[in-house]
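Top to bottom, those sequences are chains A and B.
My numbering puts the first sequence at residues 1 to 113.
My numbering puts the second sequence at residues 1 to 113.
A few of these clues could be false.
What the hints assert, rightly or not - Lysine to any residue pairs mimicking SDA-like chemistry, simulated, CA-CA at most 25 Å apart: (1) B:Lys100 x B:Ile47; (2) A:Lys57 x B:Gly93; (3) B:Lys70 x A:Val24; (4) B:Lys100 x A:Gly40; (5) A:Lys57 x B:Lys56; (6) B:Lys100 x A:Met27; (7) B:Lys100 x A:Gln6; (8) B:Lys100 x A:Arg14; (9) A:Lys3 x B:His45; (10) B:Lys26 x A:Val24; (11) B:Lys100 x A:Glu62; (12) A:Lys57 x B:Thr27; (13) A:Lys3 x A:Gly16; (14) A:Lys55 x A:Gly97; (15) B:Lys56 x A:Pro96.
To be verified - Among chain B residues calculated to face chain A with C-beta under 7 Å, some are: (16) Ser28; (17) Ser39; (18) Arg41; (19) His45; (20) Leu46; (21) Val92; (22) Phe94; (23) Leu101.
As the list claims (entries may be wrong) - With the Cβ distance kept under 7 Å, some of the chain B side facing chain A (calculated, not the full set): (24) Asn30; (25) Asn31; (26) Gly42; (27) Leu48; (28) Gly97; (29) Asn99; (30) Phe103; (31) Arg108.
Since the hints were made in silico from the structure, they are not lab data.
Idealized CB from N, CA, C, for every residue including glycine.
Chain residues, written in single-letter form:
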Amino acid sequence: DVKVTQSSRYLVKRTGEKVFLECVQDMDHENMFWYRQDPGLGLRLIYFSYDVKMKEKGDIPEGYSVSREKKERFSLILESASTNQTSMYLCASSLPGLLVAQYFGPGTRLLVL
Amino acid sequence: SQQGEEDPQALSIQEGENATMNCSYKTSINNLQWYRQNSGRGLVHLILIRSNEREKHSGRLRVTLDTSKKSSSLLITASRAADTASYFCATVGFSGGYNKLIFGAGTRLAVHP
Numbered sequence: 001d002v003k004v005t006q007s008s009r010y011l012v013k014r015t016g017e018k019v020f021l022e023c024v025q026d027m028d029h030e031n032m033f034w035y036r037q038d039p040g041l042g043l044r045l046i047y048f049s050y051d052v053k054m055k056e057k058g059d060i061p062e063g064y065s066v067s068r069e070k071k072e073r074f075s076l077i078l079e080s081a082s083t084n085q086t087s088m089y090l091c092a093s094s095l096p097g098l099l100v101a102q103y104f105g106p107g108t109r110l111l112v113l
Numbered sequence: 001s002q003q004g005e006e007d008p009q010a011l012s013i014q015e016g017e018n019a020t021m022n023c024s025y026k027t028s029i030n031n032l033q034w035y036r037q038n039s040g041r042g043l044v045h046l047i048l049i050r051s052n053e054r055e056k057h058s059g060r061l062r063v064t065l066d067t068s069k070k071s072s073s074l075l076i077t078a079s080r081a082a083d084t085a086s087y088f089c090a091t092v093g094f095s096g097g098y099n100k101l102i103f104g105a106g107t108r109l110a111v112h113p
């Protein structure tokens, strides 16, 4: 079974802090994704990566950056956390292409005070 | 606008009953996927149906696809309390200059013992 793990289930940070969310997958998937999920807005794509050291902006990249130094790890960085970044963050991975299933981690619920 | 939109938004049934959720989409597709999300958790891939398939089964799940009507349905037979979750359909759409998996807003299913 594919396993996607995220470093924290719950996280509380203060405004202005730099926040790192880590995601690791163990199935040698090329694709990795970061989404945020908010009530009434559904899942929105923040960044995605099709290979090591590659990254592409999604729908809402402002205020975020990513890092993919190793194939299995995709990190989401909040450069300076703000209260409007309070959300559920979901990482996913998949084989190449979009005509395949995405496998999600358990999510990180981030609260920015 | 959403590529896939689920209907109804919420569904409440008794254990043992069948649950049917519908998804409509706007553009032509190669496949359509259904995901489940338990409260506060990540999404779990349930089933993928290709555009040349009309029906697919997986355990108690039955998915149909009608490309002429641009719609799909997910039927859960003999529902259990553990089926309580949100269910999302997802299709590939082109938006913001790239192809991506676009999720609908979801149907919240509550199965009462």
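Measure nothing beyond the straight line between the CA atoms of A:Lys57 and B:Thr27; if it is 25 Å or shorter, mark the hint as holding. Holds: A:Lys57 and B:Thr27 sit about 23 Å apart, inside 25 Å.
Per-residue hint verdict: B:Phe103, partner chain A, C-beta under 7 Å: 5 Å, holds
Tell me if B:His45 is really an interface residue toward chain A, meaning its C-beta lies closer than 7 Å to one of theirs. OK, holds: B:His45 within 7 Å of chain A, min 4 Å.
How about B:Ser28: closest beta carbon in chain A under 7 Å, or not? At 13 Å from the nearest chain A Cβ, B:Ser28 fails the 7 Å test, so the hint is violated.
Double-check B:Leu101 for me: the hint is only fine if its C-beta lies closer than 7 Å to a C-beta in chain A. 6 Å, holds
Given the proposed pairing of B:Lys26 with A:Val24, does the C-alpha separation stay at or below 25 Å? Violated. B:Lys26 to A:Val24 sits at ~34 Å, over the 25 Å cutoff.
With the threshold set at 25 Å, check whether the alpha-carbon distance from B:Lys56 to A:Pro96 stays at or below it. 23 Å, holds
Taking 7 Å as the limit, does the beta-carbon of B:Gly42 come near enough to a beta-carbon in chain A? This hint holds: B:Gly42 lies near chain A, its Cβ roughly 4 Å from the closest one there, short of 7 Å.
Holds or violated: are the alpha carbons of B:Lys100 and A:Met27 at most 25 Å from each other? 21 Å, holds
Hinted pair A:Lys57 and B:Lys56, Cα distance within 25 Å: 34 Å, violated
Taken at face value, is the distance from the CA of B:Gly93 to the CA of A:Lys57 at most 25 Å? The given pair, whose Cα atoms are some 16 Å apart, holds under the 25 Å limit.
Minimum beta-carbon distance criterion (7 Å), B:Val92 to chain A: 5 Å, holds
Going down the numbered hints, you'll see the structure goes against 3, 5, 8, 10, 13, 16, 17, 20, 22, 28, 31, while the others check out.
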